[in-house]
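Undergrad: Given next are the chains, with one letter for each unit.
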Amino acid sequence: DSGVTQTPKHLITATGQRVTLRCSPRSGDLSVYWYQQSLDQGLQFLIQYYNGEERAKGNILERFSAQQFPDLHSELNLSSLELGDSALYFCASSQGGGQGGELFFGEGSRLTVL
Amino acid sequence: KNQVEQSPQSLIILEGKNCTLQCNYTVSPFSNLRWYKQDTGRGPVSLTIMTFSENTKSNGRYTATLDADTKQSSLHITASQLSDSASYICVVSWLGNAGNMLTFGGGTRLMVKP
Chain A
1 DSGVTQTPKH LITATGQRVT LRCSPRSGDL SVYWYQQSLD QGLQFLIQYY NGEERAKGNI
61 LERFSAQQFP DLHSELNLSS LELGDSALYF CASSQGGGQG GELFFGEGSR LTVL
Chain B
1 KNQVEQSPQS LIILEGKNCT LQCNYTVSPF SNLRWYKQDT GRGPVSLTIM TFSENTKSNG
61 RYTATLDADT KQSSLHITAS QLSDSASYIC VVSWLGNAGN MLTFGGGTRL MVKP
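For the protein sequence lines, the chains are A and B, in the order given.
The opening position of the first sequence corresponds to residue 1 in the numbering used here, with each subsequent residue numbered one higher.
The opening position of the second sequence corresponds to residue 1 in the numbering used here, with each subsequent residue numbered one higher.
Keep in mind that the hints were calculated from the coordinates and are not lab data.
Beta carbons: idealized from backbone N, C-alpha and C, even for Gly.
Fair warning: there could be bad hints in the mix.
Which bits of chain A does chain B cover? Going by a derived footprint, with three or more residues having C-beta under 8 Å, they are [stated by the list, open to error]:
1) 91 to 99
2) 106 to 114
The following residues of chain A were derived to be distant from chain B, with all beta-carbon distances above 10 Å [to be verified]:
3) T7
4) I12
5) T13
6) T15
7) R18
8) V19
9) R22
10) R26
11) D29
12) Q41
13) I60
14) Q67
15) E75
16) S79
17) E82
Build the full structure now, drawing on both the sequences and the hints.
TA: Okay, here's the thing in structure tokens:
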């Protein structure tokens, strides 16, 4: 158990809809990262938050947005969903703001868009 | 451009055999390199970290090597077990303008057969 909690574990929705994925980091970790992993693909970095502020941005679509709340949990919002958005979405956390430390990953949220 | 290339993309070996996975990177300036193990449908878990001054590091049956001059790392698995079946991801940390950044390799998918 990494200590990172993601909900929901599975989500099935239709094209055009909007969903919210939630992540609670490990106790004491200030950074939260979001990654997308499509079927049989590598992990694609979406965005990082550190202590409530956006720290780094990767290949995140404009239809996607995220935020980190004062209690350090984070939410990833996916809107106007397309079939290609079907993927595993992982949240990871680390202690510091730099990306040199070990990442602790959650078990992922599997999104299926029909 | 900062890139991390892993080879082979996939590998099938018999239980009890050894194997070596490769990771070549072009990132600069280098900070550290981690190998993660990702079981199917699960979040990645860190196996080992290599810093610039380290050549070899072991974690049980896993041994990682690093050649900072040629920018190559390898992960050697000894006496493979069925539970070693997973994707192995090489992640390199480098120093960017905003601090340490990460570049992920595409992973090597290992299947251990009885």
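Undergrad: All the hints need checking, so say for each whether the structure fits it.
TA: Verification of the hints:
no., hint, in the structure
1, 91 to 99, "holds (count 4)"
2, 106 to 114, "holds (count 4)"
3, T7, "14 Å, holds"
4, I12, "16 Å, holds"
5, T13, "19 Å, holds"
6, T15, "24 Å, holds"
7, R18, "24 Å, holds"
8, V19, "19 Å, holds"
9, R22, "15 Å, holds"
10, R26, "12 Å, holds"
11, D29, "14 Å, holds"
12, Q41, "8 Å, violated"
13, I60, "15 Å, holds"
14, Q67, "19 Å, holds"
15, E75, "18 Å, holds"
16, S79, "25 Å, holds"
17, E82, "22 Å, holds"
Of the hints listed earlier, the one the structure fails to meet is number 12.
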